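J.: Whole structure, please, built from the sequences with the hints as guidance.
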Amino acid sequence: MTVLEARGVDFSYGKRRILTGIDLAVEAGGSVGIVGESGAGKSTLLSLLLGLAAPGRGEIRFDGAPLVLRDRALMRRFRSSVQAVFQDPYSSLDPRQRIDRIVAEPLESLGLARGAEALERVRAALESVGLPADVSRRYPHEFSGGQRQRIAIARATVVRPRVLVADEPVSALDVSTRTQVIELINQLRADHDLSFIMVSHDLGAVAATCDRTVVLEGGRVVETGSTGGLLAAPREAYTQRLISAIPRLPSA
Amino acid sequence: MSARRSATLVAGLVLVGIVVLMALVSLVWLPYSLDDTTGGRLSAPSAEHLLGTDKLGRDLLSQLMVGARIALMVGAGSVAIAAVLGIAIGLIAALAAPWFDDAISAFIDVAIAFPVLLTAMLIVALQPPSLGSAILAIGLAMSAIVARVSRILAKRAVGSQYVIAARTSGTRTLGIIRRHLLPNMAPTLAVTLALQFGAAVLAEASLSYLGLGAPPPNASWGRLLQEAQGTVLTAPIGAIAPGIALVVLVLGVNFVADGLRDAVDPTRRGRRS
Amino acid sequence: MTEPLLSMNALSVRSGETVLVNATDLEVAAGERVGLIGESGSGKSLTSLAVTGLLPESLRASGSVRLAGVETVGADEQVLRPLRGPVAGVVFQEPLTALDPLMRVGRQIAEPIRRHLGLRGSVLDRAVSDALAEVRLDEQRFARAYPHELSGGQRQRVAIAIALAARPRLLIADEPTTALDVTVQSEVLDLLDRLVAERDMGLLFVSHDLAVVARMTDRVLVLQHGAVVEEGAVREMLRAPQHPYTAQLVAHARVLDAALDGASGPEGAR
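Those protein sequence lines, which keep their order, are chains V, A and Z. Terminal number for the first sequence in the numbering used here: 259, no gaps in between. Terminal number for the second sequence in the numbering used here: 336, no gaps in between. Terminal number for the third sequence in the numbering used here: 325, no gaps in between.
Everything labelled a hint here was simulated from the structure, so no lab data went into it. Remember, predicted model here, so these are calculated numbers, not experimental data. Treat each hint with caution, since some may be false.
[Said to hold, decoys possible] So, partial list: chain Z residues that the calculated Cβ filter (under 10 Å) puts toward chain V:
hint, residue
1, A153
2, D155
3, T238
4, A308
[What the hints assert, rightly or not] So the derived label-pair ranges between C-beta atoms look like this:
hint, chain 1, residue 1, chain 2, residue 2, range
5, V, E190, Z, D245, 28 to 36 Å
6, V, A35, Z, P299, 39 to 47 Å
7, Z, R222, V, S251, 47 to 55 Å
8, V, S45, Z, L157, 18 to 26 Å
9, Z, P299, V, R167, 36 to 44 Å
10, Z, E72, V, Q247, 51 to 59 Å
[What the hints assert, rightly or not] Covered stretches of chain V (in silico footprint by chain A; criterion: 3 or more residues with CB under 8 Å from a CB of chain A, positions within the stretch not fixed):
hint, region
11, 23 to 35
12, 61 to 71
13, 80 to 91
Virtual Cβ for every residue (Gly too), placed ideally from N, Cα, C.
T.: Listed below in structure tokens is the structure:
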């Protein structure tokens, strides 16, 4: 079953066309990587999929029905099901809030849990991302980049969503932290049967997390396919160029 | 909070405390009534008149104590008006559509260029001069400055990933303002408002000079300074005393703002890596 | 024995009591390519900045760095200035902040050529277009452009042209392609590769990316917490890392690299 979908989506910012005719879907439990270079429209597409803006033409569909940003009841259901992790672990956490308050925000804002129950769920979420409960009274600046990204993932998963949407979640991290966060994401996906959408310029990270890949160039989808197939035999010239440009380690 | 920070806060509280104490005492007791001119003109400080008297023979200490009350009312009142209005305008601009933000920004620029004095005269044209209208005029004029600072601070926070994350967390606009925008604007705003507090007390002084401030016999410190101008060489105490009082209050408020900012800002406390 | 182009001896960098770089030794011979690998906070950038005396004022360097035989630790600007350009050129990660936003690109390239090579007038103009041609910005319009009118890749090419304008014998590149898209990164690396080879320059290449360092250099130093933990030939280090930290670094890089071959993937974690 399709959980989240973009159908014939166009988007313009002022007179500038950013996205044209985007079709994309993620199945329950499935994963899609959206790759492309700067200016390809990745982040814009992501904000549409997150219901932060409405497409100029076409629609975003959630559970088989169009997403209407004004429909409060629908949006509340949507936000309880679709959560996000962002690129920069330094600016995606409010510097003036303690970790427990940060992680509890979706619970409180969506009215899913309060007080002791919320605290218990926050503790469980922090534990599931490999952080001890005693971090909850601290502030973001006391943590490393990788730890902060774990906190962001705890915030996204505390409401037990069905879809996790990630915008370059590991690009700002060091190599060793990067693979650990990827492992964590894969672990959580397996444990909670999460659908996963990730935007990234890093095909390696996409290959390590996503079953399917959509290649974006100049606001259009140029190629879609299983990640393995696409990497092994890219059909489009742009995809070929993208893949051949990745710096590779000399074979051992 | 480091020892130096807390020292700033304590020093600020002491300085402001002195002025507050003077103001509170003036409500229940004054050495001499303000229309008591029995002390003789420009008498030097003595046991009867600790700070001497002015050119009408009134007790300077008594005037200074009443002035403290006026200074605090002017500072707190106009800063409160400026804060409520300015922060609201700044937040609306930062959250509004780009064209509306542009319109508000242009309006703020015009308002900042508009002299306080002119605002005050317009208000006085509508109602007789009183301390209230002076406070209103100063507060309105300063709200433009606060609005400009608030708008920049709010815009910076609105563009941050934590606010986008709050939206995907389901937090609505009012929640975002309360939970993320205001706390992140607070440290810089506190300093801005403290500076405005000092500016308000000084602005009232010039309004009094033009007869647009607190009506006599309630002399504000600003008016005391103006009145002492002619006799500053023969009886310097008349200018020095209100001058020092003004410095104590303005400095104290700034210290308190600095100290508070550091006390409430977690990112300024000790880091652990 | 002739002195190496760059010779660093027990270089330490401190911020107050904190040691950021700890007794680092490093040599780059003429024409040699050396990589400096490390994660954030490893001190790799500070080490490269110390070479040309570009450390921030608040940091203190001790030990010795000899660039073409001249000591740069604690040296005056007067000593350092003739070294920057003719001896060592530097390319940074973020080309936008490295360029003057208010000056046309042509003038920014002309500046070091005029200063160090003493060219003037039409000869200078020709040298500027040659320098731009060398970084594949042939069209006339590039010399007239301001930095913000160029793409990230074009800006980095301009930064390279400026770094190379005074014909340095050593190029220091600090994460020069980290801010760029993959395809642009690949082009810029090709360009650097070609220019370094053509001019027989020494190269000190700083990066967190093992694959990029392996492509650009022959010998590498691995930095952790400001200290060198391993040093040797790139391929050898990738094949058989000696230090546990290096081993861990290589293993993590291999995970993502292998994912591209479909060796592991999301299915692997399930």
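J.: Are the hints correct? Go through all of them and say.
T.: How the hints compare with the structure:
1. At a threshold of 10 Å, the smallest CB-CB gap from A153(Z) to chain V is about 18 Å, leaving the interface hint violated.
2. Annotation: D155(Z) was flagged as interfacial toward chain V, and the flag is violated, the nearest CB pair being 23 Å apart, outside 10 Å.
3. A cut of 10 Å between beta carbons decides the hint on T238(Z): the least distance to chain V is about 4 Å, and the hint holds.
4. Annotation: A308(Z) was flagged as interfacial toward chain V, and the flag holds, the nearest CB pair being 6 Å apart, inside 10 Å.
5. Distance hint check: the CB atoms of E190(V) and D245(Z) are about 33 Å apart, consistent with the given range 28 to 36 Å.
6. Restraint check, A35(V) to P299(Z): a C-beta distance of roughly 42 Å satisfies the suggested window 39 to 47 Å.
7. Distance hint check for R222(Z) and S251(V): the Cβ-Cβ separation is about 33 Å, which falls outside the suggested range of 47 to 55 Å.
8. The hinted window of 18 to 26 Å between S45(V) and L157(Z) holds, with their beta carbons roughly 24 Å apart.
9. Taking the beta carbon of each, P299(Z) and R167(V) are about 38 Å apart, inside 36 to 44 Å as hinted.
10. At about 53 Å, the beta-carbon gap between E72(Z) and Q247(V) stays in the expected band of 51 to 59 Å.
11. Three residues within the 8 Å Cβ limit are the bar, and the region 23 to 35 of chain V against chain A gives 0, so the coverage statement is violated.
12. Closer than 8 Å: that is the beta-carbon criterion, and the region 61 to 71 of chain V has 0 residues meeting it against chain A, so the requirement of 3 is violated.
13. Look at the region 80 to 91 of chain V against chain A: 7 of its residues bring a Cβ nearer than 8 Å to a Cβ of that chain, three or more, so the hint holds.
When each numbered hint is compared with the structure, violations occur for hints 1, 2, 7, 11 and 12.
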